[in-house]
Each structure stands twice: as C-alpha cells, then as structure tokens.
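Participant: The primary structure of each chain is shown beneath.
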Amino acid sequence: MSGAPIWIGAAHCVSALGEGPRFHLQRMRDGGTALRTVPGLTAKPMFAGLIPDELLPAGPRRIQRLLDRCLLELLDDLKPRPHERWLLVVATTKGDIAAMEQGDAAASALPLLGEHARQRCGFGAQPLVVSLACASGTAAFILACSAIEQDRYDHAIVIGADALSRFVLEGFASLYALDAVPCRPFDAHRAGTTLGEACAAVAISRDRDRIPEVIGRWVAGSIAHDANHISGPSRTGEGLLRAVQNALRIADLRASDIAAVNAHGTGTAYNDAMESIAFERCGLSDAPLSGYKGWFGHTLGAAGLLETIVAVQALREGTVLRTLGLSEPGVPGRVNAISADAAVPGRMLLKTSSGFGGCNAAVIIEAES
Amino acid sequence: MSILASTAYHDGAFTSAGVRFACVDGDADQRLAAAWNQLRIDYPRFHRADRLSRLLLLSAAPFFEANGALAACDPETIGMLLCTCTGSMESDARYQALLRDEGVASPALFVPTLPSIALGELSIRHGLHGSGVCLMMPAPSASALAPAIGMLKQQGMRHIVCGWADTFASHARSAFAAIALETWADTHLNQLQSLFDEH
Numbered sequence: 001m002s003g004a005p006i007w008i009g010a011a012h013c014v015s016a017l018g019e020g021p022r023f024h025l026q027r028m029r030d031g032g033t034a035l036r037t038v039p040g041l042t043a044k045p046m047f048a049g050l051i052p053d054e055l056l057p058a059g060p061r062r063i064q065r066l067l068d069r070c071l072l073e074l075l076d077d078l079k080p081r082p083h084e085r086w087l088l089v090v091a092t093t094k095g096d097i098a099a100m101e102q103g104d105a106a107a108s109a110l111p112l113l114g115e116h117a118r119q120r121c122g123f124g125a126q127p128l129v130v131s132l133a134c135a136s137g138t139a140a141f142i143l144a145c146s147a148i149e150q151d152r153y154d155h156a157i158v159i160g161a162d163a164l165s166r167f168v169l170e171g172f173a174s175l176y177a178l179d180a181v182p183c184r185p186f187d188a189h190r191a192g193t194t195l196g197e198a199c200a201a202v203a204i205s206r207d208r209d210r211i212p213e214v215i216g217r218w219v220a221g222s223i224a225h226d227a228n229h230i231s232g233p234s235r236t237g238e239g240l241l242r243a244v245q246n247a248l249r250i251a252d253l254r255a256s257d258i259a260a261v262n263a264h265g266t267g268t269a270y271n272d273a274m275e276s277i278a279f280e281r282c283g284l285s286d287a288p289l290s291g292y293k294g295w296f297g298h299t300l301g302a303a304g305l306l307e308t309i310v311a312v313q314a315l316r317e318g319t320v321l322r323t324l325g326l327s328e329p330g331v332p333g334r335v336n337a338i339s340a341d342a343a344v345p346g347r348m349l350l351k352t353s354s355g356f357g358g359c360n361a362a363v364i365i366e367a368e369s
Numbered sequence: 001m002s003i004l005a006s007t008a009y010h011d012g013a014f015t016s017a018g019v020r021f022a023c024v025d026g027d028a029d030q031r032l033a034a035a036w037n038q039l040r041i042d043y044p045r046f047h048r049a050d051r052l053s054r055l056l057l058l059s060a061a062p063f064f065e066a067n068g069a070l071a072a073c074d075p076e077t078i079g080m081l082l083c084t085c086t087g088s089m090e091s092d093a094r095y096q097a098l099l100r101d102e103g104v105a106s107p108a109l110f111v112p113t114l115p116s117i118a119l120g121e122l123s124i125r126h127g128l129h130g131s132g133v134c135l136m137m138p139a140p141s142a143s144a145l146a147p148a149i150g151m152l153k154q155q156g157m158r159h160i161v162c163g164w165a166d167t168f169a170s171h172a173r174s175a176f177a178a179i180a181l182e183t184w185a186d187t188h189l190n191q192l193q194s195l196f197d198e199h
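So the protein lines, in turn, are chains A and B.
Per the working numbering, the very first residue in the first sequence carries number 1; after that it's consecutive.
Per the working numbering, the very first residue in the second sequence carries number 1; after that it's consecutive.
Because the hints were derived from the structure by calculation, they are not lab data.
Take the hints with a grain of salt, since some may be wrong.
[Unchecked claim] Taking lysine to any residue pairs in the SDA-like style, the calculated list, with each CA pair at most 20 Å apart, reads:
| id | chain 1 | residue 1 | chain 2 | residue 2 |
| --- | --- | --- | --- | --- |
| 1 | A | K44 | B | D11 |
| 2 | A | K79 | B | L98 |
| 3 | A | K44 | B | V104 |
| 4 | B | K153 | A | D151 |
| 5 | B | K153 | A | K79 |
| 6 | A | K44 | B | G18 |
| 7 | A | K79 | A | R206 |
| 8 | B | K153 | A | D252 |
| 9 | B | K153 | A | Q245 |
| 10 | A | K44 | B | K153 |
| 11 | A | K44 | B | G103 |
| 12 | A | K44 | B | E102 |
| 13 | B | K153 | B | P107 |
| 14 | B | K153 | A | R210 |
| 15 | A | K44 | B | A185 |
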C-alpha cells in the first residue's frame, strides 16, 4: 500500500438547490429549503427535491442528463489524457428505473449507466458501478480511494446520481417513511424523510497538481453491516459503530480528533435514533453533528457524495452548517446535533451513510484550508 | 490455496464440493427451492427472501456448513463481494407490475428492489458484520473485482464470500468462491475468472 496522500477536488454537484458546491453553500447559509410539493409524479402530491429542468442538458433519459451535467464540467476541468491511469466509479441505487416504468426492463440495468459514463469520459477501462443502497455514494468514494491506495490507479472520478421516480417515491410512501412536511433530521417531531434527486462528482488523485481546486485529503473509510434487519437499522447501531470505529482505527485517530460529523440524517424515526446511539457509543457525543437532507432531500445514490462535498466546503471555511428542520432535538443517543451554523476549529470530517440491507459506510476526510 | 471452496448454480443445477444436484422441473423459483431443500438446511426465511437473495443464500450456504470452508472463521472478518448485471431486476419487475396494474406500492416488494439487499440477507443469515459491496457489471470479471477485493482486505477482512449472481425471468445463475485474503494475490484472479467462465 502507498502511504502518499490522496487528494480530492474538482467537485461538481447539481440538486434541487441549484448547481455547484459554492452555490449550495451560499444557499444553505442564506436561504431555505428547496423541497416543494411535486405534482404529477405520484397519485398524491409529495414533498420532494426536484432539479429545475433548465439546469440539465438536453437528452432522452433524465438520469443520463443528471450524470452529463456533472461529468461534462468535470471532464472539462480535468482533461484526462490517454496515458494516465484513471478509474471511473459510478454510484446509483436505481439508475434508469424510469425505463422499467416505461416497460423496458433491459434498459434499466445498472451497468448501462456505468457504460454511459465511461463513454462520456472516453476511458477504456470498465467502470465500477457501486450499488449499496443509500450508502452507494459513500461506498463508491471509499472504493475509489482504496483503489488508488492499492496503486491500481493514479486518479479517479467518482460520480453518484439518482433521479426522482414514481417507483421510488411510492415505495418509500408505502413504508410510511416520508414526512408530510420537509424532513426534520434529529428533531423530536420528525416523521420521515423527503426524497430528492441529484448528481455529485469529485476527482481523486495522488497528484495534487493534477486536479483543480483541492477541497480535502482522503484519510480513511470503512463499510460494515448490521446483520440485523433488511428494512430497519440496528437499534443499537452495530453496523455504523463498526464502520466508524474501523475507519478511526485505519486512520489511527481518536474520536476526539473528529471536528464535525455529517450524518446520514434521513429524518426517519429509526435511522436518526440509530445514528445517535452509534455516535454516542463511538465517543462522538460532543462533535458538532448535522444532516443536510432538509435542504435538497434524500438523494439516494448521490447523497453520500453530495453531502460530503458540501460538508467539506463548509469545514474549509471553519463552519458546520445547521440541520435544516431541526428545532427540538429528540434522539435517544447523546449527540451534539446543531440547529444553527457553528464555527469549528478542526478540519477532520466524519461522513456516514446507512441504507436498507443494514449497510453502513463511514469516511474521514481532512478539509483543505 | 486462496480459493478455499466454490459453488455454482445454473438454472436448477447446483454444484458444491464436486457434488452436483440437478432439478429441471418447475419455474425458476421452484428449481431454486429444490436446490435449497436438497441441502436440508432449516432456515424458513430463505423462502420469504427475494430471488437474488435466495440465489446468494444458496450459493454461500455450503461455505458455512459444518466443515465448510468458512465454518471456523470469525464472522466479524468475513466480507462480502457480489457482482451482478441484472441485480434486483426480477424484484423491480414484480413491484412495478403491481404498481402499474393495481396502483398499489407493496412495501414487501419494494424493499428488495435494491441488489445489495442480498448482502443484507447473507449478513443476517450468518451474522456477518464486516465490510461488503455490490458491483454492477455486464459480465463477471475477476480483474474488475480486484480493487474491491483489495479494499475489503484493507478494511480488515480475512475471508470473503465473493462471486457472481444473476437472475431475471426464467434465468438464474451464480458462481461463488470462499476466499482467504491472507494469501490472496492478483495472480489468483485467473482462478476466479476460470470459476466464472466454467459456469
């Protein structure tokens, strides 16, 4: 394994909130939620984070338009050269599930989304398409950084995307997992999540000069499973506890070294309770903790990357952004969930994601000053 | 030896430790059930799981049986690596058909519309708390799995259940290996690819 630093930069993102990491940060500091009732997608209108159509390039498939929005800008920044060792990692939960809704099951196969991205990038190597439920984006990031650490590649593009669909909205509604108002992570009155769509991408490299605008340095990451329940998280946070503790162990860090925690924070009763218990068990009770889904919704396969990008950008400026929708903390574990933007002195971010199937992913990134 | 054991399933024919069981009767679900019943494992949850999960549970079961390749290993350090092309497409189609025809979203059918649910089922069955990931690819490729195998090793996994599972409509196919990571090297990838190619 190589001990050389791995740099993260060239971040791009598009969500219901708008386009670009800086614009996200500005909107999250100064504005309100982008979650709106979305008519026409489902039998009963629901709150969701829908990307304005004019932000997306033209194209026949919405999920491809999301990918293209970030990829084309990223490639313009990076201009990968044929002799370089680039890896492409794509994260998604449902890819082009709209094709299944339209009766074309074969076109919904997730590897096709990877192939679309590969062709856009002009890479020869097969892309890695990660599908690990709502931990897909975070897991893809871990896999890409690990592949560089293993000296299999020198650089990587990691991109996560999921589009809103009736398929997924109705599914979450059937589980009574959607709040009637924009989600309120870690709040005592939270009643479910709110879904959104997004695409987020970063470049990763062992060569700091190869990627524009470095935002952080990869420290460590880990994935773990609850081995408990398919659709509900462990009540004791077993998987998340293991993922965080293993990431800390690999990084040779203590919990007290973490400056801020960006949680999965869906706004469902069980997820937020589980996270609070796991973080307390990890010794992270005092670290400022926030979840960002109140702004742009739970963006599924893009969530881990999108939230990491924004959290790292905020930490670069010495702040942790508040959890929108949180007014009265109400989770069983002792955590420092913040409802107002806070200044923090450190730069070490812990980002976590959890998903159906009991999967959990944790990454540690040092934000670049 | 880094590949400690392997299994394969192909539309009713299940092979483990050189023993082959074949059932050509019935549809894909009935053939899968027949293969499972032949193992004589009392685990009713198998029959309630989605098709991809059942394929993975069947494929990995011999590794965890008494004297199986992973029976004596610490479940905390057994990782999971699943590659698939169709993923949860069978579950997607079932859920979508009900949503389209009846206007009803079934929570029981919705949850398995994620391929990684199969990893969740496997982790529950054998108490595996370790790392694991699901990779979507058009065909099984051992070389494409190499970075993920390395990642699992980095995260402290000592053994992995690793393989290909694919199912949609009448088709169900798998090829899995129990791998010891301590002695694993990229030079073993051709053995893993041979397993995929044979089945």
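Participant: None of the hints should be skipped; say for each whether it holds.
Facilitator: Hint-by-hint comparison with the structure:
no. : hint             : in the structure
1   : A:K44 to B:D11   : 41 Å, violated
2   : A:K79 to B:L98   : 46 Å, violated
3   : A:K44 to B:V104  : 12 Å, holds
4   : B:K153 to A:D151 : 14 Å, holds
5   : B:K153 to A:K79  : 32 Å, violated
6   : A:K44 to B:G18   : 55 Å, violated
7   : A:K79 to A:R206  : 16 Å, holds
8   : B:K153 to A:D252 : 17 Å, holds
9   : B:K153 to A:Q245 : 16 Å, holds
10  : A:K44 to B:K153  : 47 Å, violated
11  : A:K44 to B:G103  : 12 Å, holds
12  : A:K44 to B:E102  : 15 Å, holds
13  : B:K153 to B:P107 : 35 Å, violated
14  : B:K153 to A:R210 : 28 Å, violated
15  : A:K44 to B:A185  : 54 Å, violated
In terms of the numbered hints stated before, the structure departs from hints 1, 2, 5, 6, 10, 13, 14 and 15, listed from lowest to highest.
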